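**Q** Sequence:
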Amino acid sequence: MDHNTFGRLRILLRGTGDLVDGNFVSVEEQVAIFLGILAHHKKNRVVRFDFWRSRYTVSLYVHAVLGVVLKLYDTLLVAPEAVSEECDDRGVSGRRTRFKFTKMESLLV
1 MDHNTFGRLR ILLRGTGDLV DGNFVSVEEQ VAIFLGILAH HKKNRVVRFD
51 FWRSRYTVSL YVHAVLGVVL KLYDTLLVAP EAVSEECDDR GVSGRRTRFK
101 FTKMESLLV
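In full-length UniProt numbering, the protein residues as written are 1 to 109.
Worth flagging that the hints you see were computed from the coordinates, not collected in a lab. If you're wondering where the values come from, they're calculated on a predicted model, not measured in any experiment. Careful, some of the hints might be misleading.
Pair ranges (Cβ atoms, derived) [as the list claims (entries may be wrong)]:
1. Gly67 x Phe24: 13 to 21 Å
2. Thr16 x Ala82: 27 to 35 Å
3. Asp50 x Leu77: 22 to 30 Å
4. Glu85 x Gly7: 38 to 46 Å
Glycine residues also receive a C-beta, built at the ideal position from the N, C-alpha and C atoms.
Throw the hints in and build the complete structure from the sequences for me.
**A** What follows is the structure, given as structure tokens:
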């Protein structure tokens with residue numbers, strides 16, 4: 001995850017007021033533990049070793065961050081928009097591309 005994205009997620013989770021620094025674990029470390037388990041599919045034992053925390057501490061903070069993320073599901077999850085039938089998936093160069101270009105991006109290319 002990009003540092004800027006991690007910072008924004010941390011600010012968003014801290015801004016709710018539900019996620020606060022613990023006695024020995026900061027919000028940044030709580031989010032890093034959560035992302036280590038969720039995004040990298042690490043086991044509790046591996047994260048415990050990486051952060052030098054007990055199994056109870058890792059489990060406690062993963063559940064705390066998960067609770068805050070679930071409260072923010074309206075903000076974090078956006079319904080996908082269907083691509084129209086008129087959409088041509090050829091980019092500016094005439095090759096097939098994975099993503100549609102916006103008008104501004106096509107001017108920059």
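**Q** Given the range 38 to 46 Å, decide if the beta-carbon distance of Glu85 to Gly7 lies inside it.
**A** About 39 Å separates the Cβ atoms of Glu85 and Gly7, which means 38 to 46 Å holds.
**Q** Should the hint that Thr16 and Ala82 are 27 to 35 Å apart at their CB atoms be regarded as holding?
**A** holds, 31 Å
**Q** Does the Cβ pair Gly67, Phe24 satisfy 13 to 21 Å?
**A** holds, 20 Å
**Q** If I claimed the Cβ atoms of Asp50 and Leu77 lie 22 to 30 Å apart, would that claim hold in this structure?
**A** holds, 28 Å
Taken one by one, the earlier hints all hold for this structure without exception.
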